[in-house]
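Peer 1: With the hints as a guide, dock the two chains, each given alone in a separate frame, to form the complex.
Each chain, letter by letter, is given below.
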Amino acid sequence: MVVSNDEDRNMIKQSQAGDEVAFESLVRKYQQVVLNLVYHFTGGRADMTEDVAQKVFIKLYLSLPKFKVNRPFFPWLYRITANQCYDELRKIKRNRVLTFTELRADDHAAQDRLMNMHRLPPENGEHERLAQLLAKLMDTLPKQYRTALVLRDIEELPYEEIGAVFRCSVQAARLKVFRARLQMRRALRKLLKPVDADQMAECGTEGAGEKIYALYRG
Amino acid sequence: MLCIEVRRRLSCHLDGELSSAAQQEIFAHMTFCTACREDWELLRFGKQLCQSSRQTINPPARFAVSVLQAIRTQKNQRLMLWSHLGAMAERLLPAFAMLIILCLGFLFLTGDPAEVHRAGQDNRDLFIPPEEEVLLIARQIDITTDHVIKTVLEGR
Ligand SMILES: [Zn+2]
Chain A
66 MVVSNDEDRN MIKQSQAGDE VAFESLVRKY QQVVLNLVYH FTGGRADMTE DVAQKVFIKL
126 YLSLPKFKVN RPFFPWLYRI TANQCYDELR KIKRNRVLTF TELRADDHAA QDRLMNMHRL
186 PPENGEHERL AQLLAKLMDT LPKQYRTALV LRDIEELPYE EIGAVFRCSV QAARLKVFRA
246 RLQMRRALRK LLKPVDADQM AECGTEGAGE KIYALYRG
Chain B
1478 MLCIEVRRRL SCHLDGELSS AAQQEIFAHM TFCTACREDW ELLRFGKQLC QSSRQTINPP
1538 ARFAVSVLQA IRTQKNQRLM LWSHLGAMAE RLLPAFAMLI ILCLGFLFLT GDPAEVHRAG
1598 QDNRDLFIPP EEEVLLIARQ IDITTDHVIK TVLEGR
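Same order as they appear, the protein sequences are chains A and B.
Residues 66 to 283, numbered by the working numbering, are exactly what the first sequence covers, in order.
Residues 1478 to 1633, numbered by the working numbering, are exactly what the second sequence covers, in order.
Hints were generated in silico from the structure; no laboratory data involved.
Any given hint could turn out to be false.
As the list claims (entries may be wrong) - Here are the simulated lysine-lysine pairs, DSS-like style, with alpha carbons at most 27 Å apart:
id, chain 1, residue 1, chain 2, residue 2
1, A, LYS120, A, LYS201
2, B, LYS1552, A, LYS94
3, A, LYS78, B, LYS1524
4, B, LYS1524, A, LYS131
5, A, LYS156, A, LYS201
6, A, LYS133, B, LYS1552
7, A, LYS158, A, LYS120
8, A, LYS201, A, LYS158
9, A, LYS124, B, LYS1552
10, B, LYS1552, A, LYS120
11, B, LYS1552, A, LYS255
12, A, LYS131, A, LYS208
13, A, LYS78, A, LYS158
14, A, LYS124, A, LYS208
Same shape as in the complex, but just chain B (with noise of 0.2 Å):
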């Protein structure tokens, strides 16, 4: 049996789970490979410090009692939390209505949204090309067109 096949089986054989044949196999090998032979003996380790470590630990005489009146003690807790929320709100409806009056007048004072973006729409036309107001400043000052294009433009 080679080195991988017996480390394969070594977790079946921790089980007991293996036939005496292959069981005898994996012996035979372990007598001359010593990898294999820690490998097992580790798992085995493993295996024995689980089982040392087993406990049975008996209930407490009232562990059922206790149980049950944490479980009301949480059910009032929720009950009382609900109620505390509840109180919180009715406390809360008048500032809540007044918060929604006060954003419903602000709307209204500010006109109706549709109207703003006409109107942004409106500034976009406002806008002047650069040029252009090169040209209207030098209407302003009483220059001519050509004046401005041999000044400015031509660099005279």
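Bound conformation, chain A alone (with noise of 0.2 Å):
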């Protein structure tokens, strides 16, 4: 976590009053916070990160004149990250179902341009497919627990921070996490087929994911 301070606020304020010079350095600071947290709110979209990056620094610039610079920086441009994020998910499906409404039988072109789109890469390996996992789970969940489990579970900021990016309590940032954990259960109990509680414990600490993933595959 990049913690906001004098300097951020000079950056910041010199940025306001026009300084295109001070805003790079800004950019230049958070770009790899900012990359970061676009591939794991996007669920490991590679492809659409470094634009969707951009995208949020563009906003970032036209809504400092905005900022009160007395005011934390980190929880506002993940607020922004978050939400281009999810515009830019939501275009996604959009355009998925558009495409395939519109899409003319005998249109075998557009056919394998929109399969190319969506296809994986040919060879997964394990690690790839646990990313799908994930990505498939993250989209049933509401925006907000999405965010919550990002945070927390991969970004693993403490939970005052969260409270600071969803504008509420250290006790209600909790709240939160637990309900999307729950989500998060319900969704993996419903997508995997029941496998033994104790089969899973005996998966240990050490690579478990992966081994109560190949347990549930059968």
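Peer 2: So this is what it looks like as structure tokens:
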């Protein structure tokens, strides 16, 4: 987690005054954070990460005049990033539906283009398969639960910072993460066929995810 | 410990925030309760899935530069849009002026709206109730009121 400090405040003030060099420094400081967040919020869609991250910084630049410098910067950046990612995911979903419904049965070239857009890499390792499983599960969660899980279980933010992103108390942030985990568990149970809890427990902690997944797949 | 208490604490357990005594209690419960154990394993699997998907994306060397270029392009596009709108407004100004003149002319020709309203009221005064109309027609063709009443209203 990058903490906002005087250096940030100066960069933001200067950017607000139209100093492009200051804004470039701000981008350089937070580019890694935003790229990682975008990758995680979009469910590991590497092909769109850079594009979406760029849009996040453009939105940030355009909304800088509204930002109050005495407020913490990172929760605001996280909110802009999350919203941009969900906008992009919604666009993808809408485009996919439109393309399928508008597709003519005899338009083979368009069908091929569409299939290639969503085709998985030919040789998926176990890691990719797990990443896809997670993306699928995340897609079933409401936005705020998805955000809560990304912030807590992927980005490993402390609950205080999750509260700052959601603009709620630490206790409310805990509750959100708790509910998000329950929803995730429900989705997992629905998706995978039941496996004996003893077998699951035998998987231990080291690489248990892969082992349990293997058990589920039978 | 009851199942409900165990399940309420599983999220904290996942965060490693429980005291060792509480952890012991939970483990003791899960040795005989398969339902809670399955819940726990699924929660743990969910978290492991999240952790295993964690990636560090290294920013491309020219990322910041390309962001600034994109911002400049957007700014230019906005300026272009405004100048286009300005030019369009300038071109449409005579047509707009003509339209206003036409509207004013139309209002002038149709007269004072208050007068039109009064005329509407006058028209309402011209309305004749049907029974009076019957009598008027009867008078025109020289039939007495009694005759009308007898023939029309009493059906003779
Ligand atoms: Zn139980």
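Peer 1: Now tell me if each hint is right for this structure.
Peer 2: Each hint tested on the structure:
1. LYS120(A) / LYS201(A): holds (24 Å)
2. LYS1552(B) / LYS94(A): Holds, at roughly 23 Å.
3. LYS78(A) / LYS1524(B): Distance of about 39 Å is beyond 27 Å: violated.
4. LYS1524(B) / LYS131(A): With a Cα-Cα distance of about 37 Å, the restraint between LYS1524(B) and LYS131(A) is violated, given a limit of 27 Å.
5. LYS156(A) / LYS201(A): holds (17 Å)
6. LYS133(A) / LYS1552(B): Holds: LYS133(A) and LYS1552(B) sit about 23 Å apart, inside 27 Å.
7. LYS158(A) / LYS120(A): holds (18 Å)
8. LYS201(A) / LYS158(A): Judged against 27 Å, a Cα distance of about 13 Å means the pair holds.
9. LYS124(A) / LYS1552(B): holds (12 Å)
10. LYS1552(B) / LYS120(A): Holds, at about 14 Å.
11. LYS1552(B) / LYS255(A): violated (48 Å)
12. LYS131(A) / LYS208(A): Holds, at about 24 Å.
13. LYS78(A) / LYS158(A): Since the Cα atoms of LYS78(A) and LYS158(A) sit roughly 38 Å apart, the hinted pair is violated (cutoff 27 Å).
14. LYS124(A) / LYS208(A): Given pair LYS124(A), LYS208(A) holds - Cα atoms ~20 Å apart, limit 27 Å.
Hint check: violations occur at hints 3, 4, 11 and 13; the rest are consistent with the structure.
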